[in-house]
Amino acid sequence: MEIADELKIYDDNLVKELSNLARNNIEYWDIRTTLNNGTVLNFTNQRSKEISSYETLECGIRTFINGGWGFCVLKKIDKSNIIDGFLKAIKLARKSQSLCKFKFNIKESNPLNKKFKINSIRNLESIDIQDKIEIVKNHEDISSKYSKEIKNTRTVYLDGYFKNLFLNSFGSHIYQDLEVLRLFSAVYAQRKGLIQNAMNSVGGVGGFEIMETEAAQNISLKSAKQAIMLLDAKSPVGGKFNVIMDPKLTGTFIHEAFGHACEADIVLNKESILEDKIGKTVAIEEVNIIDDPTIGQGKKFNLPYELYGSYNVDDEGIPSQKTVIIEDGILRNFLHNIETASRMSIEPNGHGRANSSVAIPQVRMGFTYLEPKDWKLEEMIEDTKSGVLCEDFQYGYTDTTTGNFQFKCKFSYKIENGEKKELMRDVSLSGMTLEVLKRITAIGDKSTFNYSDGICGKGGQGVRVCDGGPFIRIEDITVGGLN
Amino acid sequence: MQNKSDVSNLASFALNIAEKLTAKFAEIYFYLSDYLNIDIEENSIKNNEIGSDLGVGIRVINQKGSLGFAYTNRLERKSIEKMVKTAISMMRTGTEDPDFKDLPPKYEVYKTVNGLYDKDIKYLSIEDSILYAEDLIDICDKDDMAISQSGNFSSSYNKTFIFNSNGLSIDSKTTISSVSSHVIVKDKITNDTSFGFESQIERNLNCINGKNVIKTALKNAKRNLNRKKINSIKAPLILTPKGVISFILRPLASAINAETFQYKRSFLVDRRGEYLGPKFLNIEDNALIDGAVGSATFDGEGVPCKNKRVIEKGKFLKSGLLHNSYTAGKEGIESSGNAARDSYSSLPAIGITNMILQSGNSSKDEIIQNVKEGILLDYTGDRPNISTGDFSGLILQGNLIRKGEILDALNETMFGINLLDVFRNIEEISKESKTYGPFQAPFVKIADVQIIGSAS
Chain P
0 MEIADELKIY DDNLVKELSN LARNNIEYWD IRTTLNNGTV LNFTNQRSKE ISSYETLECG
60 IRTFINGGWG FCVLKKIDKS NIIDGFLKAI KLARKSQSLC KFKFNIKESN PLNKKFKINS
120 IRNLESIDIQ DKIEIVKNHE DISSKYSKEI KNTRTVYLDG YFKNLFLNSF GSHIYQDLEV
180 LRLFSAVYAQ RKGLIQNAMN SVGGVGGFEI METEAAQNIS LKSAKQAIML LDAKSPVGGK
240 FNVIMDPKLT GTFIHEAFGH ACEADIVLNK ESILEDKIGK TVAIEEVNII DDPTIGQGKK
300 FNLPYELYGS YNVDDEGIPS QKTVIIEDGI LRNFLHNIET ASRMSIEPNG HGRANSSVAI
360 PQVRMGFTYL EPKDWKLEEM IEDTKSGVLC EDFQYGYTDT TTGNFQFKCK FSYKIENGEK
420 KELMRDVSLS GMTLEVLKRI TAIGDKSTFN YSDGICGKGG QGVRVCDGGP FIRIEDITVG
480 GLN
Chain C
0 MQNKSDVSNL ASFALNIAEK LTAKFAEIYF YLSDYLNIDI EENSIKNNEI GSDLGVGIRV
60 INQKGSLGFA YTNRLERKSI EKMVKTAISM MRTGTEDPDF KDLPPKYEVY KTVNGLYDKD
120 IKYLSIEDSI LYAEDLIDIC DKDDMAISQS GNFSSSYNKT FIFNSNGLSI DSKTTISSVS
180 SHVIVKDKIT NDTSFGFESQ IERNLNCING KNVIKTALKN AKRNLNRKKI NSIKAPLILT
240 PKGVISFILR PLASAINAET FQYKRSFLVD RRGEYLGPKF LNIEDNALID GAVGSATFDG
300 EGVPCKNKRV IEKGKFLKSG LLHNSYTAGK EGIESSGNAA RDSYSSLPAI GITNMILQSG
360 NSSKDEIIQN VKEGILLDYT GDRPNISTGD FSGLILQGNL IRKGEILDAL NETMFGINLL
420 DVFRNIEEIS KESKTYGPFQ APFVKIADVQ IIGSAS
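Read top to bottom, the protein sequences are chains P and C. According to numbering that gives the first Met the number 0, the first sequence is numbered sequentially starting from 0. According to numbering that gives the first Met the number 0, the second sequence is numbered sequentially starting from 0.
Just chain P, same shape as in the assembly:
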């Protein structure tokens, strides 16, 4: 695999020179440089609102000594700028080091010399813009013509191809050639004064073949159907209920309410409810929670591409790997970057991620999920006298310090005497994470397992993630409504 011309600047001589500059001054450094290319297509009401394309070249230089970090972002990438930026970054790290209270060293890891390429079937660079536009137009056509009550449609197509070079002081030299794609469909329906909307997205790491999957082809129809369905939905009544969550909500719960509290930087900053809980029981025995961002999982879901939250190596050069977070109800591991792993004296597990080369890697999730057990969905519903079945989420958030969480669901059905009844909209669920993990009364089987993808925000950076699980039932959840 040939390295992009723009990244050939980092030859042996330059790396040697940087190593010499670092010697006796700092303990660790890494440089990430990326050539980004991509397309944005935004159609609204069947008209193009944005057809755009970009090319940027970005570089961030990170330095470290004894607990203090420095970071320098370059605006122009040539040899003299790199050296100048490197020297500035050294000064910044030494300044941080002189003031920081927590002294530690980054544990040296084995250098990785490797090139990774996503083996897409239809390379994004080779796809004509007209082909991309045809797909978006077609989706706009489908959703806007679905019903007279549909007043507004929007379809957004985003793709990007990245050529990224990672170098660090351990001798790692990692080149990645990546492609990602996401399609987003939003539909607004109106009946008299009432407006309801539905949004769906499909994303993955891979090429244009992502557009040919069933999920991508049905996305606009799905949004249209959902928006119309919601026009008939009732406002919910607040109170405490048995709640059955679908895989998307289970995933959101696992990610938002629990996953963030497992990020070791949150733990070290004393913001996590899980601070002293390693080795302790935090959930019922049936609960197993995993984060597995490794490449190769798309085929588990019969997809011709890789999951949106997956990656080969993280942004600190550590290979992605499967991490068991909860095993049989017991908290086993946190998620780490090289800093938190060094400070907690364990091996890093590949969760140092940044949204670009000009942002600092943080501890982030990849594909977080709850493992399935043995309930069928029908059994779960039949077994529920009174409750709510909640599907799909709009958004959610959590106070990681207390574990108080809230999610807004898209669709919710009343359950009465074991039967699924009328549809409600805008149901919000709230509870305390650690209480809820002990109040799970049923976990669905393999056939109910699914996942969803999205962008997760933390500290101003959004990264690609997936989360999932089976249907689960939880007792005594607070449901908020307008009435």
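Incorrect hints may appear among the rest.
What the hints assert, rightly or not - Some chain C residues well away from chain P (every beta-carbon gap over 12 Å; in silico):
hint, residue
1, S7
2, N15
3, Q62
4, P303
Said to hold, decoys possible - Below are the DSBU-like pairs computed for lysine-lysine, each with C-alpha atoms no more than 35 Å apart in a straight line:
hint, chain 1, residue 1, chain 2, residue 2
5, C, K221, P, K100
6, C, K77, P, K78
7, P, K144, C, K118
8, C, K118, P, K100
9, P, K162, C, K19
In short, the hints are calculated from the structure, not lab data. Ideal Cβ placement from N, Cα and C applies to all residues, glycine included.
Since the structure of chain P is already known, use the hints to place chain C on it.
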């Protein structure tokens, strides 16, 4: 890009290519930001960062209104030529859009707004910046309930240049500096923990007061300790300025965005000219306040900025929408100067400048003292549904008020209301107000809100 004539030359170079390649309208936007950032984690300086972002974006539009856009951060002529050609090929694939009328004309006059640039920020060193971060750390260290703090100090110097095919050519330099604190406290007796946050954003460095920021964050955090569940009640809601911003002003900003409006995605559609709230309710979007964070002489398309009243004496004005040149052209009116663009990498969207809910007559203490039973709301992570105005969400930071006193923090307490009822039920507005970045708000009392408690 320090030299204006260099930028001008690059702009003419690009606009000429665009014209030759049949773009009827073209606009080029250059943006430079030099920034620094100091991160605090575990109440200790953790990271020092400096950086620079420089790039250019071009939008081209043909006779039929079809638009193409491209951007790059590579400023060599070769890259710029490639960018223009890409934008043209994007334009050629788009659909026609009869709603597009024109790019902004060349304006003769722009109003002067002072205090948007501070040379102390432009020339600020890391060493001097660290003093601001240390203010946060010192006060947190000395507090015996504080157990951790994350926060940051950051500043940036920004330059913008806009040129278009109508002869518009304008540039500005501005500065911005901010400090924020997110602090964790622990009650040593009950072992309960809680967080509080506070931030300040300013155009001028000497306005930044890190000590006040951490002190307020600590106060917020302590007020939120030892949370209790309550029963469901119907009661007044007292919003703090922060509460007003997140619960009223931010949603309103989305609801009066002309694009949202034209697509009928706003709960305020068909309500222009109606009285939404009491006579003492006034909301405006004012770009011309000296030294304010949201102020500007021109917007993201080079259109002069102004002061716009949105709600006057309770009435939602017909002219109360925020426009860029596209949405204004569609209605056959002038842009309100609200084209928002925070980088060369995006097309002009629509955004607020300084959004202000004007102060009232009551004192905030009196408002609270007169509440028999009610809720003080500082923060909900939730947001209303803009198309319906419906809101139901969790009170993340809020307290019970009883007999005029602020009591227990609330645990697992939600509330639900429609925004139209929020405006309708405004009973009192305080004299005291606070500014957070581009928002300014007082305390506001809203009557009869359904609170959903979880005490069993």
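Violating hint indices (sorted, rising): Hint 7 alone not satisfied by this model.
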